Amino acid sequence: MSGLISGKKGSRRLLMGNEAIARGALEAGVKVAAGYPGTPSSEIVENLAKVAEAGNLYVEWSTNEKIAMEVAAAASFARLRSICVVKQNGINVASDFLLHLAGSGTRGGMLVIPCDDPGALSSINEGDTRHFARLLEIPLVEPGDFQEAKDMTKWALELSEELQCVIMMRSVTRLSHASGNVTLGDLPVTDVKAEFRHEGFPLDPNEGIITSAPVAFRHSQQQEKLKKATAAFESSPFNTYTGPEKPEVLIVTSSACNLYSREAINILKAEERVGILKLGTTWPLPEKLIENRLQKCDSILVVEEVIPFMEENLKILAQELEPKIGRKIFYGKRDGSIPSVDEMNPDLVIAPLAKLLGIEYQAMSEEYATNAMQKSFFAAPVRDLTFCPGCPHRASFWSINNVLKLDNNRGFVCGDIGCYTMATLPTGFSTLKTLHSMGSGTGVASGFGKLTQFGMNQSVVTVCGDSTFFHSVIPALVNAVHHKSDITLVVLDNSGTAMTGFQSHPGLEVDASGGDAVKLDIESICISMGAVVKKCNPFDFEKTQQLLFELLEIKEGVKVLILEQICALSPEKKAKKNFEMSVDESRCKGESCGCNRLCTRIFRCPGLVWHEESGISRIDEAICAGCGVCSAICPVGAISRKEVAYE
Amino acid sequence: MEILGTKELMEQVRDKGLCVSCGACVEICPYHKSYKGKIALVFDCDMTPCQCYAYCPQTETDRDLLSRTMFGTMDKGEALGQYRSIIAAKAGSKIKSNRFQNGGTVSALFTHALDSGLIDAAVLTGQNDDLPEPMLIENACDVASCATTKYMATPTLAAVHKAIRDGRKNLGVAGTACQVKALATIKANPLGKAEQENSIGLSLGLFCTWSLDTRKFSAFLAGETGGEKIVSMDVPPPPAETFKIKTENEEREFPLKEIRKMIPRGCACCPDMTAEWADVSVGAYEGKPGWNTLIIRSEKGEQWVEEAIADDYLVRDEFPRSRLEHLTLGADNKRKKAEEFLTKEKK
Ligand SMILES: Cc1cc2nc3c(=O)[nH]c(=O)nc-3n(C[C@H](O)[C@H](O)[C@H](O)COP(=O)(O)OP(=O)(O)OC[C@H]3O[C@@H](n4cnc5c(N)ncnc54)[C@H](O)[C@@H]3O)c2cc1C
Ligand code: SF4
Numbered sequence: 001m002s003g004l005i006s007g008k009k010g011s012r013r014l015l016m017g018n019e020a021i022a023r024g025a026l027e028a029g030v031k032v033a034a035g036y037p038g039t040p041s042s043e044i045v046e047n048l049a050k051v052a053e054a055g056n057l058y059v060e061w062s063t064n065e066k067i068a069m070e071v072a073a074a075a076s077f078a079r080l081r082s083i084c085v086v087k088q089n090g091i092n093v094a095s096d097f098l099l100h101l102a103g104s105g106t107r108g109g110m111l112v113i114p115c116d117d118p119g120a121l122s123s124i125n126e127g128d129t130r131h132f133a134r135l136l137e138i139p140l141v142e143p144g145d146f147q148e149a150k151d152m153t154k155w156a157l158e159l160s161e162e163l164q165c166v167i168m169m170r171s172v173t174r175l176s177h178a179s180g181n182v183t184l185g186d187l188p189v190t191d192v193k194a195e196f197r198h199e200g201f202p203l204d205p206n207e208g209i210i211t212s213a214p215v216a217f218r219h220s221q222q223q224e225k226l227k228k229a230t231a232a233f234e235s236s237p238f239n240t241y242t243g244p245e246k247p248e249v250l251i252v253t254s255s256a257c258n259l260y261s262r263e264a265i266n267i268l269k270a271e272e273r274v275g276i277l278k279l280g281t282t283w284p285l286p287e288k289l290i291e292n293r294l295q296k297c298d299s300i301l302v303v304e305e306v307i308p309f310m311e312e313n314l315k316i317l318a319q320e321l322e323p324k325i326g327r328k329i330f331y332g333k334r335d336g337s338i339p340s341v342d343e344m345n346p347d348l349v350i351a352p353l354a355k356l357l358g359i360e361y362q363a364m365s366e367e368y369a370t371n372a373m374q375k376s377f378f379a380a381p382v383r384d385l386t387f388c389p390g391c392p393h394r395a396s397f398w399s400i401n402n403v404l405k406l407d408n409n410r411g412f413v414c415g416d417i418g419c420y421t422m423a424t425l426p427t428g429f430s431t432l433k434t435l436h437s438m439g440s441g442t443g444v445a446s447g448f449g450k451l452t453q454f455g456m457n458q459s460v461v462t463v464c465g466d467s468t469f470f471h472s473v474i475p476a477l478v479n480a481v482h483h484k485s486d487i488t489l490v491v492l493d494n495s496g497t498a499m500t501g502f503q504s505h506p507g508l509e510v511d512a513s514g515g516d517a518v519k520l521d522i523e524s525i526c527i528s529m530g531a532v533v534k535k536c537n538p539f540d541f542e543k544t545q546q547l548l549f550e551l552l553e554i555k556e557g558v559k560v561l562i563l564e565q566i567c568a569l570s571p572e573k574k575a576k577k578n579f580e581m582s583v584d585e586s587r588c589k590g591e592s593c594g595c596n597r598l599c600t601r602i603f604r605c606p607g608l609v610w611h612e613e614s615g616i617s618r619i620d621e622a623i624c625a626g627c628g629v630c631s632a633i634c635p636v637g638a639i640s641r642k643e644v645a646y647e
Numbered sequence: 001m002e003i004l005g006t007k008e009l010m011e012q013v014r015d016k017g018l019c020v021s022c023g024a025c026v027e028i029c030p031y032h033k034s035y036k037g038k039i040a041l042v043f044d045c046d047m048t049p050c051q052c053y054a055y056c057p058q059t060e061t062d063r064d065l066l067s068r069t070m071f072g073t074m075d076k077g078e079a080l081g082q083y084r085s086i087i088a089a090k091a092g093s094k095i096k097s098n099r100f101q102n103g104g105t106v107s108a109l110f111t112h113a114l115d116s117g118l119i120d121a122a123v124l125t126g127q128n129d130d131l132p133e134p135m136l137i138e139n140a141c142d143v144a145s146c147a148t149t150k151y152m153a154t155p156t157l158a159a160v161h162k163a164i165r166d167g168r169k170n171l172g173v174a175g176t177a178c179q180v181k182a183l184a185t186i187k188a189n190p191l192g193k194a195e196q197e198n199s200i201g202l203s204l205g206l207f208c209t210w211s212l213d214t215r216k217f218s219a220f221l222a223g224e225t226g227g228e229k230i231v232s233m234d235v236p237p238p239p240a241e242t243f244k245i246k247t248e249n250e251e252r253e254f255p256l257k258e259i260r261k262m263i264p265r266g267c268a269c270c271p272d273m274t275a276e277w278a279d280v281s282v283g284a285y286e287g288k289p290g291w292n293t294l295i296i297r298s299e300k301g302e303q304w305v306e307e308a309i310a311d312d313y314l315v316r317d318e319f320p321r322s323r324l325e326h327l328t329l330g331a332d333n334k335r336k337k338a339e340e341f342l343t344k345e346k347k
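Keeping their order, the protein sequence lines are chains A and B.
All residue numbers for the first sequence refer to my numbering, where the first residue is 1 and numbers rise by one.
All residue numbers for the second sequence refer to my numbering, where the first residue is 1 and numbers rise by one.
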């Protein structure tokens, strides 16, 4: 059984931020958790799924974030505690429902937990979800370390239940994915019965109907709840101040930036000169607490990541308070003291702080910096982002690229979100030409496919993975079919949500906790919509290309090609090689072939290596996944494959 | 003349819309491929010097190199190219088929060359469904299957390269002016490729004023004939200004003006009407239906024609002076038009 549920009260454990949040949910007696996989958020639901049976929870990977939010809300409506976990842009997907949920109110405690990714370490955006809290008028809290990640989860769930409104608890990559010591609390023995009461007076928050109308009435109730939340925030244990009573500079910060700020002060040995007001409750701001701190210092440095969210809110408050506390000078994003893109780090805090304090500071000597730069430049091998050895996507894009180039009418592919997003890069032969959010490949393609009346005659192709297909491609596909948009959708079906770690999805027979689930068949779905559907194995280049050519020939309506091949890393494959590969040294002519190293320069599976000394290609047995595909690309047939017989 | 690579081939030829889909760059590397009458670069390649650039008839031409290779002399720059004699010709009694474009001289010469062992195999241009397709012909009896002119740009030379890659030597090839120019370059072997040694045995050039974009023209044909099988096509001599298409059930004429719209841009810079870089060149004999104009250019070509006549594969007739003047005028006109186009391009 996972340590998450066996850990005793008072014991200390090294927990990843996401594990701490999961434990906090358990300590708060959460019964339902739902989410859609997305880095850096996935481990919260994953860990809860592992203890679902032992802890009598219901945990699901929902089809998309909006549905995850709805599933969690239903639990709250039935007076259970619940959480909904998504990555930053998941909030965008769920935001329509969330807007209405903010208005309708909740019953059992409910948290929506977005894990943001400043610096876009594993995203193609660095969306800042804090703005949604203000936009949708719901309270926002942000843990500042690992212990807080656990404790705040419980505290915020209790507060949500008391206020009867959903609360947003935001984490970030550096908190979710780093680990620290956490002292555990009690796991409650709960025996709550799920029950949805709807027979009372319609406007009764506990017995009536749950909706955001009548709007003026419910909206004013919602704002009352926000006032109560502000009052609770004034005495929240997660808002702390450390430093001298009257500091020269007051840092106001939150979340992971709290750690960077502490380190910066420590490095500058400025403990006696600088104070840190670390806020755990970041919207609405606890006004009295802030008034009290601002009164004692005139120079305020706001340290936060991405957009100046706290900075702007603080400035509004300071303006309102000016008659009482006098004029304050703010340093932060707006004056350029702190960058408003990418991740923060201690150095980025040190620079403006040292300037404010008049301290000469250089992070490292020039000599060291040049030396380090040179060493890392010359000694580190060049490694670009690439598909894994044996990845079906490399094979799929090889075919898609070939067909579109040969089709020769400047056809292009609208991309989508998954591992195959990397096909914007050379590893996927730079095949993708547009790339936005989940499901938008098919939506954008649907639009392109209707532009023939304005003279567009390029082939329009789009791709999506199996999980993305269910997440949000289906409505876009419906749109394209309905409007007879001339597009070809290639479904790269690798049987799992591979990019985020093989979470289940509606195309599989298992659910998040490993239980039985109903599998939906992509092919039948597309056929029932009226699309022309073909299916094959992307490792068969000839067949794949022939089918794709055939589909592109059909000039009106939606065509779907399903390329089915399990992910090379899938646990089900157990790292088995299907083929033993080798390069026939007498056939590979190396540099004199005229192929210009097609295998190691273009196809570039990491399992193929160019051997400088002998001037020919070789198979790196340790890396090769034995998929056998590269034997079909060598123009002189020097790469051969031998089927591996397993018992 | 410097031989460059794919990057320059793309810049100088294909990206400018000057490619005529001859196929000279196809099947020599994994990068240039042909599909339905169009040539594509499937992946970038930065190698140089390269065969693709060397053989392409639309890159700069080293006329002296070609002249030395084909005729053993320096280039003389004449309108009809170098030649030994010009005759009228048509298929002789040895040839059983009677379905030709004109006099069947091309089919007759290749039937003879295969029968007599002058060449090991031939690369001709046949048809597959509605698209022209290069074919490797090993038996004389299959030559007839490629007869008649498909007025569409065809990557015939791709099949030549493929045959060479499969180890074949001493090939006989029929092609339009651009194609035989590329063949002459392959024969000159400027990059010293071992596989190209003795690969080309005989080359036969087809007179050519223009060809048509394969995709556009096949779509046009499909639309006009509703998918009926095409038996033949022809451009009757001036002043007809028409294009004739014969299907199994009917014969139809289209204004040449409409058809000309489908000429690939690359044809406009070709100065060569009589396919000067070949052993022999063959065209229609205007005003003498059922006969061909046959230009005998190289010594090898001369032997080929003489043997074919001696063995009754071919019959000959006089080619009068008045015809020669007419032909020269036509060739001159094409050259001038190409020069005008190129001057405009440079601007
Ligand atoms: C695109 C094109 C344009 C031409 N324009 C003219 C012109 O303006 N004036 C003129 O006098 N003659 C022209 N010709 C030549 C003419 O049409 C006849 O091919 C020639 O007179 C030989 O006739 P034949 O009866 O001997 O041919 P056949 O015995 O019928 O044999 C014809 C041969 O042509 C070859 N061929 C057919 N289509 C193509 C093609 N698309 N590409 C390469 N080879 C092909 C085949 O290999 C076949 O062996 C043109 C030919 C082509 C292919
Ligand atoms: S003209 Fe011929 S050789 Fe030149 S690019 Fe086109 S197909 Fe290739």
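Quick caveat, the hints were computed from the structure, so don't treat them as lab data.
Since the structure is predicted, the reported quantities are computational estimates derived from the model, not experimental observations.
Any given hint might turn out to be false.
What the hints assert, rightly or not - Here are the computed lysine-lysine pairs in the BS3-like style, where the Cα-Cα straight-line distance is at most 25 Å: (1) A:Lys405 - B:Lys76; (2) B:Lys193 - B:Lys229; (3) B:Lys216 - A:Lys450; (4) B:Lys38 - A:Lys543; (5) A:Lys574 - A:Lys50; (6) A:Lys534 - B:Lys169; (7) B:Lys229 - A:Lys589; (8) B:Lys229 - A:Lys555; (9) B:Lys169 - B:Lys193.
Hints, verified against the model:
For the given pair, Lys405 of chain A sits about 41 Å from Lys76 of chain B by alpha-carbon distance, which is inconsistent with the 25 Å threshold. For the proposed pair Lys193 of chain B and Lys229 of chain B, the alpha carbon gap of about 42 Å is over 25 Å, so the pair is violated. For the suggested pair Lys216 of chain B and Lys450 of chain A, the alpha carbons sit about 22 Å apart, so the restraint of at most 25 Å is met. A distance of roughly 21 Å separates the Cα atoms of Lys38 of chain B and Lys543 of chain A; the hinted pair therefore holds under the 25 Å criterion.
Restraint check for Lys574 of chain A and Lys50 of chain A: satisfied, since their Cα atoms lie roughly 21 Å apart, inside the 25 Å limit. Distance restraint check for Lys534 of chain A and Lys169 of chain B: the Cα-Cα separation of roughly 42 Å exceeds the 25 Å cut-off, and the hinted pair is therefore not satisfied. Taken as a hint, the Lys229 of chain B and Lys589 of chain A pair is broken in the structure, with Cα atoms around 46 Å apart against an allowance of 25 Å. Between Lys229 of chain B and Lys555 of chain A the CA atoms are separated by roughly 23 Å; this keeps the pair inside 25 Å, and the hint holds.
Between the alpha carbons of Lys169 of chain B and Lys193 of chain B the distance comes to roughly 13 Å, so the proposed pair stays at or under 25 Å and holds.
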